[in-house]
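If you read the sequences in order, they're chains H and A. My numbering numbers the first residue of the first sequence as 257 and each following residue consecutively. My numbering numbers the first residue of the second sequence as 257 and each following residue consecutively.
Hint data in this document are derived by calculation from the structure and do not stem from the laboratory. Hints are supplied without guarantee of correctness; some may be wrong.
[What the hints assert, rightly or not] Here are the computed lysine to any residue pairs in the SDA-like style, where the Cα-Cα straight-line distance is at most 20 Å:
(1) K261(A) - Q400(H)
(2) K321(H) - R323(A)
(3) K346(H) - R318(A)
(4) K346(A) - R390(H)
(5) K305(A) - A398(H)
(6) K261(A) - K265(H)
(7) K321(H) - A398(A)
(8) K261(A) - K261(H)
(9) K261(A) - R323(H)
(10) K261(H) - R318(A)
(11) K265(H) - G320(A)
(12) K265(H) - L317(A)
(13) K321(A) - R315(H)
(14) K265(A) - G320(H)
(15) K261(H) - E319(A)
(16) K261(H) - K265(A)
(17) K321(H) - R309(A)
(18) K321(H) - A461(A)
(19) K261(H) - Q400(A)
(20) K265(H) - L317(H)
(21) K261(A) - E319(H)
Note that this is a predicted model, so its numbers are computed, not measured.
2 protein chains.
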Amino acid sequence: MQRQKVTLKDVGREAGVTIGTVSAIVRGSRDRIFYSDETRDRVLAVVAKLGYRVNPAARSLREGKTRTIGVMLDDITLPFLASLICAVGKALEPHGYSILLCNMDAAGAARESLLQTFARGHIDAFMLAGALTRLTDEDILAVQQRGHRVVLLERPAPSPVIASVGVDNQAGGHLAAAKLLARGCRRLVMLGGPAGNAMSQLRIAGALATCRAAGLPAAALTVLESGGWTTALGYESMHRHLAAGHRPDAVFACNDQLAIGAMWALTAHQLAIPDAVAVIGFDDSPMAAFAHPPLTTVRQPVAAMGAAAAELLIAPATADHAGQRHFPPELIERQTT
Amino acid sequence: MQRQKVTLKDVGREAGVTIGTVSAIVRGSRDRIFYSDETRDRVLAVVAKLGYRVNPAARSLREGKTRTIGVMLDDITLPFLASLICAVGKALEPHGYSILLCNMDAAGAARESLLQTFARGHIDAFMLAGALTRLTDEDILAVQQRGHRVVLLERPAPSPVIASVGVDNQAGGHLAAAKLLARGCRRLVMLGGPAGNAMSQLRIAGALATCRAAGLPAAALTVLESGGWTTALGYESMHRHLAAGHRPDAVFACNDQLAIGAMWALTAHQLAIPDAVAVIGFDDSPMAAFAHPPLTTVRQPVAAMGAAAAELLIAPATADHAGQRHFPPELIERQTT
DNA sequence: TTGTAAGCGTTATCAT
DNA sequence: ATGATAACGCTTACAA
């Protein structure tokens, strides 16, 4: 931006009032009480006529906050994370907040970049989305202790002091397994994401518990780690499993991409979906409905989660017990079960 | 951020100099010339000791620029756009610039949101990535005429005054078609993206021209519009085509997702890749190498393009002839040809 | 009900 | 080679 074209002073001069008056009226605070309708209307008219916009740098400098949320993620390519970011952005917008993107790839060593971005002071609060394995729990706690608000998405909070929002992953696993069992499936494959991923592990744990409770023998249950979240890896893992001669009658994948990749492999092996093998994904990302056949999946309530995250992000600093919001997942039945 | 902990004044006091001195030394300008090594070292030591960081709001207010680039896109889920954004971010970082995300979905009517984001003054320049169909060429020109820098990615510039960066799409189409022809393919399917998408049309036009030049009859060439850029749509279009009884011996898809979807359909129809049907994608997005089999594709030089975009974004305002950078694509041969 | 003025942390333009 | 000081545009006590 080049130097501001229209400032409070301009508006004030044109309307015949001082900048303090304009400032107060523009923000809408106090106006009803302290200013005459006459003045208010006149000022607002000039604001509209001149096209005045507040200068955020000046406001930030004065208020000591930037109305900007820093979002860090290690892979913006993951559809679920991307839609979560969008949801957060949507919830943030009415409050005048924007999203500053910080891609981990771009930013050298994790710790450095996290602290440096904070140091830049550009940011009021931080949203960490995804596993962000290059960031230790200690790093996160350290940032929080420096007095910065931190909200975690798709990563378990390392301590009750750290705010987080997510679904109840175990419940999601339960939902999927219960449906598969009800359908009569008895040889289940659990398709996990990156090695050691917490979300993945919880979802699988939930499904496993449900299967055991239903009396399925351990031999009927196999857990596959695909090493990532992509369609390609889902295909690979499933293909390898099938090529080794295994014949499951159901697959529960820890996200929709993996599920769709698995479906690809099943189809390639002439296994009909859902007749020979039923498939359930996780997330209900946009592509789930357009898969072929449309994918049954465990939905995460993205909009609600985004709104909750936004709320935590901009809430006034309430001492030490951060909000930990867990949303209930929902089974969306389509045509793969 | 809460009120700054360490300011120039603090450093100055501690080092026994004035803030002007500290400011100049910190920025590194003039220091060698105007300041004694002794003072400089002492100041820098204090800066390090106290952990001083410049306050960007104050700097913005003073300098009249924010060192922030606004990035608008209509779908951050598209892998190629996402990686382009990352590349731009990476190129921007050494210059101290950040990326402010503006998702079109979140932002109501396009024109409104574009202008309003500008109005917020938060931004030095704007990067428009993707087709952004809700934004007319007039909207873009209007913004540019208001004195704001605009750079287009994956959308043709509506006028020479607007900067843009992209690949030579026709050349890419040529590369793909030439490879397919050289392989002996004679019945080609061109799999396009969203209806009317300019990138898609250019790529297909390039391929078509090459085929015609090679003497292929029009009847051997079929163009399919899949209506989007996703794997699912690629599958759908290809599946429909095959189900209708057609038997091409090659597919050129306008991005890698479409190509992979098409491969899925081909596999489902028992058509071996590449023996029965060869496939070429576009972009060389990360998943191309992990497709099964690994996908031959036309690579866009993402890093170079990102760097070029960053350069245009932060270059000083050079009157009216904006840079239009077109990069040469490159054929990456893997195992689908 | 409105005006006045003191900063917020920087940068840049003088002096010294 | 360094020190003062005036902006930058805004918010917020406090005065009137």
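Restraint check for K261(H) with E319(A), where alpha carbons must lie at most 20 Å apart: holds (14 Å)
K261(A) paired with E319(H) [C-alpha distance capped at 20 Å]: Holds - the C-alpha atoms of E319(H) and K261(A) are around 14 Å apart, at most 20 Å.
Hinted pair K261(A) and Q400(H), Cα distance within 20 Å: holds (16 Å)
Holds or violated: K261(A) to K265(H), with C-alpha atoms at most 20 Å apart: Outside the cut-off at roughly 30 Å; violated.
Holds or violated: K261(A) to R323(H), with C-alpha atoms at most 20 Å apart: Holds, because 19 Å separates the two Cα atoms, which is no more than 20 Å.
Pair hint K321(H) and A461(A), alpha-carbon separation not exceeding 20 Å: violated (51 Å)
Satisfaction of hint between K261(H) and K261(A), Cα-Cα up to 20 Å: Violated - the C-alpha atoms of K261(H) and K261(A) are around 32 Å apart, more than 20 Å.
K321(H) paired with A398(A) [C-alpha distance capped at 20 Å]: violated (31 Å)
20 Å Cα cutoff - pair K346(H), R318(A): violated (31 Å)
Pairwise hint evaluation, A398(H) against K305(A), where the allowed Cα distance is 20 Å at most: Holds - the C-alpha atoms of A398(H) and K305(A) are around 19 Å apart, at most 20 Å.
Holds or violated: K346(A) to R390(H), with C-alpha atoms at most 20 Å apart: holds (18 Å)
Restraint status (C-alpha distance of K321(H) to R323(A) at most 20 Å): Status holds; Cα separation ~17 Å.
The earlier numbered hints that this structure contradicts are 3, 6, 7, 8, 16, 18.
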